[in-house]
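Engineer: Sequence:
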Amino acid sequence: MSTVAAPTQPDPGTALGRARNRWLTWLVVVLAVVVTVSVIRIATGADRLSSVGTLRAALIGACPILLAGLGGLWSERAGIVNIGLEGQMLLGTWGAAYFAYHYGPVAGLLGAAFMGVLAALLHAVATVSFGVDHIISGVAVNIIGLGAVGFLAKQFFEDLEGGGPRNLSGYETLPKFSVPGLSDAADSLAGHHWFVVSDLAAVVGALTTNISVLTILALALVPITAWTLWRTSFGLRLRSCGESPQAAETLGVNVYLYKYVAVLASGALAGLGGAYLTMVASSSFTVGQTGGRGYIGLASMIFGNWRPGGVLTGSLMFGYSDGLSLLPRNGPLVHA
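Just so we're aligned, residue 1 is where the sequence shown starts under our numbering, counting upward by one.
FYI, nobody ran anything at the bench for these hints, they're computed from the structure. Since we're looking at a predicted model, the values are computed, not measured. Each residue gets a CB set at the ideal place from its N, CA and C atoms; glycine is no exception. Check each hint, because a few of them may be wrong.
[Claimed, not checked] Pair by pair, the computed Cβ-Cβ distance ranges are:
#1 Ser-129 - Trp-194: 57 to 63 Å
#2 Phe-234 - Arg-22: 49 to 55 Å
#3 Lys-176 - Lys-154: 27 to 33 Å
Can you make the complete structure from the sequences, with help from the hints?
Structural biologist: Here it is as structure tokens:
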């Protein structure tokens, strides 16, 4: 007599089971939010509440916050609080504008990440090597970043065509694309204003119409971060440096190196968030362009319980509120 093993379900107590439950919970919450917004839209007649234009504006507002939040996540998982995200984003806006103006949009992205890394290096040296309080060091980075951006803008942009002591325009921005067929179908379906169906179609339309490559990169960094930090030996060592550095050092992990890598990665992501503001959300640079989004990114990380999916949720929440407040009543829609 032979026996056949019955298929087993993931044990909720295992890591796989917990991850599966988290994703199911997240999907249920998203569906509940869509239904709630749809009910409010129909009850009030406010069709723009979940229109494609509103969701595009929300996506534009969410992505720089998301990049800053993911940067903060990398740093804090290694045990370093990165309050300096705002200053790193500020330097990223300048780096994106300068390098995009002279060398093109790809160089603008690399320049923004490089400037963010430079600011993060200052924070890493202060906190990791010299043991300076994380909050004090981060605030110092923010103050230095704001002053440095004002100085650099006046020094390098004032004499350029399209430039000034506090602004720059006229550089090439990142290309945008639409998914043929799908974007038009989603826009058409969203225009019918059906219950839930049109709201979901608006989400698809916002994600498939006039999308920037940096938007795709920002969204892709969520699963990339989750996989790197929770599914690789590198991520395990990095998190161990934050949770129990003494134990990690006992096992042969170079704690100082991993902390430096995490903080520098944090700065690169924050710098890309600055690039998003100057190359996607707008086509010009202005001193102080971040408007506190580095701090909001830190808040989205805490709101998301130091998890990539949670950071995405918090960023979308903040971005949606921005989208509702900034979306014009009439006129052309913004592009993500």
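Engineer: For each hint, tell me whether it holds in the structure or not.
Structural biologist: Checked hints:
1. Ser-129 - Trp-194: 57 to 63 Å: 59 Å, holds
2. Phe-234 - Arg-22: 49 to 55 Å: The hint (49 to 55 Å, Cβ to Cβ) is violated, given that Phe-234 and Arg-22 are roughly 22 Å apart.
3. Lys-176 - Lys-154: 27 to 33 Å: 31 Å, holds
Hint 2 alone, counting from the list given before, is not met by this structure.
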